[in-house]
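Student: Position chains B and C against the provided structure of chain A, taking the given hints into account.
Residue numbers (our numbering), protein chains in the order written: chain A, 1 to 321; chain B, 1 to 233; chain C, 1 to 293.
It is possible that some hints are incorrect.
[Said to hold, decoys possible] To spell it out: a stretch of chain C is covered by chain B in this simulated footprint if at least three of its residues, at any positions, have a beta carbon under 8 Å from a beta carbon of chain B; those stretches are:
1. 183–189
2. 259–273
[Said to hold, decoys possible] If you only want the chain C side, here are some residues facing chain A, beta carbon under 10 Å, derived:
3. K90
4. V95
5. N99
6. L101
7. G106
8. I110
The set of hints was computed from the structure by calculation and includes no laboratory data.
C-beta atoms are modelled at their ideal positions from N, C-alpha and C, and glycine is treated no differently.
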Amino acid sequence: MANNKRNATLIFFIIAGIVLALLPLAIKKDNVINLLVLFLLYVTLASSWNILGGYTGQTNLGQAAFFGMGSLVTRLMWIGGIPFPISFLTGGVVAVALALLIGVPAFRLRGVYFAIGTLALAQILFITVGNIFPDMSYNPDLANYQIVTRYYLFLGLAVLTIGSAYYLVNSRWGLGMMAVREGEEAAESLGISARKHKLLALTISAFLTGLAGGAFAFYHVSYYLYMPFGAEWTFDPIMMAYIGGTGTIIGPIIGAVFFVGIKQFLLMNVGEYHLIIFGTLFILIVLFLPGGLVEVWKRLQNRLSRSKNHERSNSSNTTNH
Amino acid sequence: MLRLEKVDAYYKELQALWSISLTVNEGEIVALIGPNGAGKTTTLRIISGLHKPASGEISFMNQSISKLPSNKIVELGLSQVPETGKIFTAMSVYENLELGAFMKKARKGKNQSLERVFEIFPRLAERKDQSAGTLSGGERQMLAIGRALMSEPRMLMLDEPSFGLAPILVEHMFETIARINEQGVSILLVEQNVQAALELAHRAYLLENGRIVGEGNGKQLLSFESVRSAYLG
Amino acid sequence: MIESLGQTLAYGILVGALYGLVALGLSLVFGVTKLLNVAHGELIMFGGYLSFWAFSMLGLDPFLTIIFSMVGLALIGVLLYKLVFSWTIKFSEDVKIKNTLLVAFGLSVILQNLALRFWTADERSITASYTGVAFTILGVRFPAVRVISLVVAAVCLIALQLFLKKTYTGKAIRATVQNWEAASLMGIDIHKVYLLSFAIGAALAGAAGTLVAVNYSVMPSMGLEWTMIALVTMVLGGLGNIPGTFIGGLVLGLTESATSFYISSNYRAVAGLVLFLLVLIFRPQGLFGSKEG
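The following block holds chain A by itself, in its conformation from the complex (with noise of 0.2 Å):
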């Protein structure tokens, strides 16, 4: 990557930080500053889920046990009286705790195994914190209710988010995971422990995934307990990242703005279609474009600038059938 893209996306990113910080002073209207919890929080889902299933290489369809797993930590606490700092910090360090007991284990298994043992997993919580904790949770002090607090809460996890993605890309841990992601065998053949990557790997997003299960807790006046656990929490940031393209930092945040923004559209017209084309289009691109949006720019890019006879930035080579 040439240093002066580089220096431009830092630039745009910078910006678009100040822009979101200084939205909440201009626009009142608290329907607006909901979807954009919403975007901020699919952002780090997405972006978490990217640095284990994109650059590392492993499908976990577990993520919903994270993301439960800190917010009904964090819920309790919090309803509990601990404050909220306190009670949001644990979530992210049981969720943390909860991977590394599974992931020892759960890393013996390859591929597809992973995948679906993850998903079993999720699903076992799933059900056992429904048994356990049925019933709605109630945020007892509604009176000092600030939307504003908690917007902020999210857009500083999701640059946190961001900001822990791209400085693992760039370091030598990064360069492992993406030498796992792209064979186990070979990656150890040179020395890199796959287990130590994937482990790290799986550690971060856990965490990640947690804190935005806590500040889940945080945002939501009443929920059921159980829901933070359910498979769309896993499944929707899997196809953000995918539509928007796994692997790249931009990716999930493409894909997080598309879902919300489908959404949207289709809400205000003709109602709950937005899954089923969203669940299209991430088809779509699985099958035939697989690295999803940014791929889509890239070409676009190489086209342009080869018809201005300018030297080509990059080659990303996708091989044709």
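Tutor: What follows is chains B and C alone, placed relative to chain A:
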């Protein structure tokens, strides 16, 4: 009967075959010899349609087959006996042979083909209802060849039929191949056993590192150092 | 005490047979194509809805509606293969499996929401005139509906086995399971085999859907639960081992039954999933599968 012209092939990004050209005329036995990893199996896989060539032309009986799927190529009368047979171990000998005659036109002559195969390989008749997984190495090769014969081929390609066989079985194997050829089946034989291959074949090609480096009959190929050392070594 | 043990056993077997049928279609498709269709539960769901429709609109006996669910699902299976899964075949080995998984769950999202559109989120169930009837033998209760379901499941299994063993097409399918390249060299059109397997697998899912609608209920969100049951059953019986699926079903059924009776019915499904994880980690070829899979 079979003609390859300037065929290139790749495995992922590595080139495996460079501009391969060879022919097998009707009634001939042609051998493709060369060291391990030279690309002999790749060549057969390309001809059979299990792998697509990057460029070049392949034609069988004057029909282009480079873009045809494997099952269509078999329908034209070109059958392959793959390396180590690849027999269906969870099925009986009889079922394996039955499947060899899967094609509609071969199914009609199934019983005659079975008789023919049992006549060439009496051992298979004995073990007709046994599970193919219980057969010995030599018997598996027999089954693989028999299975391919069930498709009533005009031409048969064999990938290392002597692999892992005791010398006396090798001799028998090559006698059988000669017999099959006498019955009117053209043969393309891939072999590491240079001696036996050159004795049997009318002509041979030498494949080294993905290129055809020599062609001719036994005497002519002996002029190659590599062939000589394999022959005498 | 003996009676409750007997009841647990009976119930486990009856449920297990249904689970076997639930997994049978998935097992066939996986064995032939090596693709894991995690939208299988949604296919079952559609089968259930088709049966429900035939039952309520045409007044057919619930078990006769299987004709509708099987034919309807066979058509859907063909459609899904041609539109979606036939493209996944073209990927290289390592990518193929992962991409199929993703594509399949994309499908599950689409199918779930289509069902939501067509039939709303209401839970529906088929109640036959004989739904409450049960035989009692030696103090153990055998609900009629469950017994008939077991018979249906057994018939499907036997029919499939006969097809695979006695017909040329069936043998071609078995050959493809063992070695698709060798099968191709016999003149077998692999694409046709894949297509047929998908159609049959979907039809079996349809039949399972009918049984689910009669014994339980159907709603758009039920897919994942039944996909998990199918996966667990498949893994327990051994991946690629088609008759083994029923044994896997029995093991799962008995495990769930025992958990329901002796611990709590709330954790019925959890027990199965935990067993699943244990088997995956310690014996991935399943309890009865061979390493070949």
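Student: Against which earlier hints does the structure fall short, listed by number upward?
Tutor: Hint 2 alone not satisfied by this model.
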